[in-house]
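Let the hints inform the model, and build the full structure from the sequences given.
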Amino acid sequence: MNKLVIGVLGLQGAVTEHIKQIESTGNIGITIKKPEQLAEIDGLVLPGGESTTMRKLIDRYGFLDPLKQFSAQQKPIFGTCAGMVLVANELSDSSDAHLQLMDVRVKRNAFGRQKDSFEAELDVKGLEIPYKAVFIRAPYIEYAGDNVEILASYEDRIVAARQGHILASAFHPELTNDVRFVQLFVNMVSESKKVILK
Amino acid sequence: MEKLLGTETVKRGMAQMQKGGVIMDVVNAEQAKIAEASGAVAVMALERVPSDIRAAGGVARMADPRIVEEVMNAVSIPVMAKARIGHIVEARVLEAMGVDYIDESEVLTPADEEFHLLKSDFTVPFVCGCRDLGEAARRIAEGASMLRTKGEPGTGNIVEAVRHMRKVQAQVRKVTHMSNDELMTEAKNLGAPYEILKEIKETGKLPVVNFAAGGVATPADAALMMELGADGVFVGSGIFKSENPEKFASAIVQATTYFNDYDLIGKLSKELGAAMKGIEISKLSLEERMQERGW
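These protein sequence lines map, in sequence, to chains S and E.
Using this note's numbering, the letters of the first sequence map in sequence onto residues 1 to 198.
Using this note's numbering, the letters of the second sequence map in sequence onto residues 1001 to 1295.
Check each hint, because a few of them may be wrong.
Below, computed lysine-lysine pairings styled on DSS-like, alpha-carbon distance capped at 25 Å [claimed, not checked]: (1) S:Lys33 - E:Lys1198; (2) E:Lys1198 - S:Lys20; (3) E:Lys1283 - S:Lys115; (4) S:Lys20 - E:Lys1205; (5) S:Lys34 - E:Lys1267; (6) E:Lys1267 - S:Lys20; (7) E:Lys1033 - S:Lys107; (8) E:Lys1003 - S:Lys33; (9) S:Lys3 - S:Lys34; (10) E:Lys1033 - S:Lys115; (11) E:Lys1003 - S:Lys107.
Worth flagging that the hints you see were computed from the coordinates, not collected in a lab.
Encoded structure:
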């Protein structure tokens, strides 16, 4: 089987951690620092980091439209933490949402400040054994549209969801050695590539 | 499984989220907003920036909690604050206030000339300065979740940060290539806990992120530190002691992201105005060097 090429937006944040996880699923991970690199990849990870900072850099380096076009081609995008904030259609504490690729309203730093950051085991749809998730100044999904599939909740708050080719998690799969959640995304990329090739 | 707060993963992970970013010293809400707008990944709330601490002399302590609170209310990015080396209560007060990260910092006057904080006891994560791998490994063993070079704060002179970054990197490389039977003697020579060196040997890297700090004054300085392997950059006096803080802040953020795009750094550096006035390190007496604080 041909290896998939999955990019990680490399403006700021836990970039190398995501690359390492992608590589441990047997695929190729590359750091995306220029918009033209998006043409080389089958799927894209928007990593954890500071969403405010990432948005500033997305604007400054002309990434906004290329990212929207990438999504318009139905190529899979996975937003973790800050990435979840970036893909949301709406933010609860701010009028300017970012990429607006997913029918959800996201609350930033919703579990509190760093002292409230935590680890907990989650039941994730599609994973048989509970998944140990790492939440850091994490957001959650306050509202999800009917076409959004909820994959995991914690204390009745939505922390992982999928809508078509967009996957989002409030937690950081890249901070653990467990690749099962990232594998869900890799499967999405693999499926999408089959469809595109057809 | 119950909810686990303040675990090593959560504390170190917070620093990993800051990678490739710039953390800026600010003394009020207005500066914090400028820092956030420029793309800073966090701000360090202080009463005075290091160059002013140097100028003022006397005892430098934790910032007035009102300043820290003002900054926390002004921005949505993480807020860090400094506690004196070994000052358990300053650190506990900052933790209780909900600060996102504490810098146990040599920029302030040490409260204890023998012992650092036992940082593993806290829920809040800590960053500490280091000049070499021995110092780095001791801080990690005490529970620091993030490191930075000490450099020489408030000088606008990058030479000490370069020295410290190169030293730590070279020592990590050396340990990585050592045979197992050489490791204990290396631990003794460096004054480093054996278990930490063993972990570095196995993984080939420090177990926590290591930022550059102490003397970054220009976009090129920030890029240099990234080129030398820093995970990110702290800028203290360099921004708000420059002629045009907005421009400097934004240019330093961009130079950190694109540290090997020299055309861009050239462009960014044009029309910035004057950087902070620097200090030649040899003009500082040993007592004036903040990097000598810490044990």
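Now the hints, each set against the structure:
A threshold of 25 Å between alpha carbons decides the hint, and for S:Lys33 with E:Lys1198 the separation of about 34 Å lies outside it, so the pair is violated. For the suggested pair E:Lys1198 and S:Lys20, the alpha carbons sit about 22 Å apart, so the restraint of at most 25 Å is met. Restraint check: the Cα-Cα separation between E:Lys1283 and S:Lys115 comes to about 42 Å, which exceeds 25 Å; the hinted pair is violated. The suggested pairing of S:Lys20 with E:Lys1205 holds, with an alpha-carbon distance near 14 Å, which does not exceed 25 Å.
Among the hinted pairs, S:Lys34 with E:Lys1267 is consistent with the structure: their alpha-carbon atoms are about 18 Å apart, no more than 25 Å. Proximity of E:Lys1267 to S:Lys20 is assessed by CA-CA distance (about 33 Å); at most 25 Å being required, the pair is judged violated. Distance restraint check for E:Lys1033 and S:Lys107: the Cα-Cα separation of roughly 21 Å lies within the 25 Å cut-off, and the hinted pair is therefore satisfied. Between E:Lys1003 and S:Lys33 the alpha-carbon distance is near 36 Å, which puts this suggested pair outside the 25 Å criterion.
A C-alpha spacing of about 22 Å is found between S:Lys3 and S:Lys34, which places the hinted pair at or below 25 Å, so the restraint holds. Note on E:Lys1033 and S:Lys115: the hinted pairing holds, with a Cα-Cα distance of about 23 Å set against a maximum of 25 Å. Straight-line distance between C-alpha atoms of E:Lys1003 and S:Lys107 comes to about 20 Å, which keeps the hinted pair within the 25 Å bound.
In terms of the numbered hints stated before, the structure departs from hints 1, 3, 6, 8, listed from lowest to highest.
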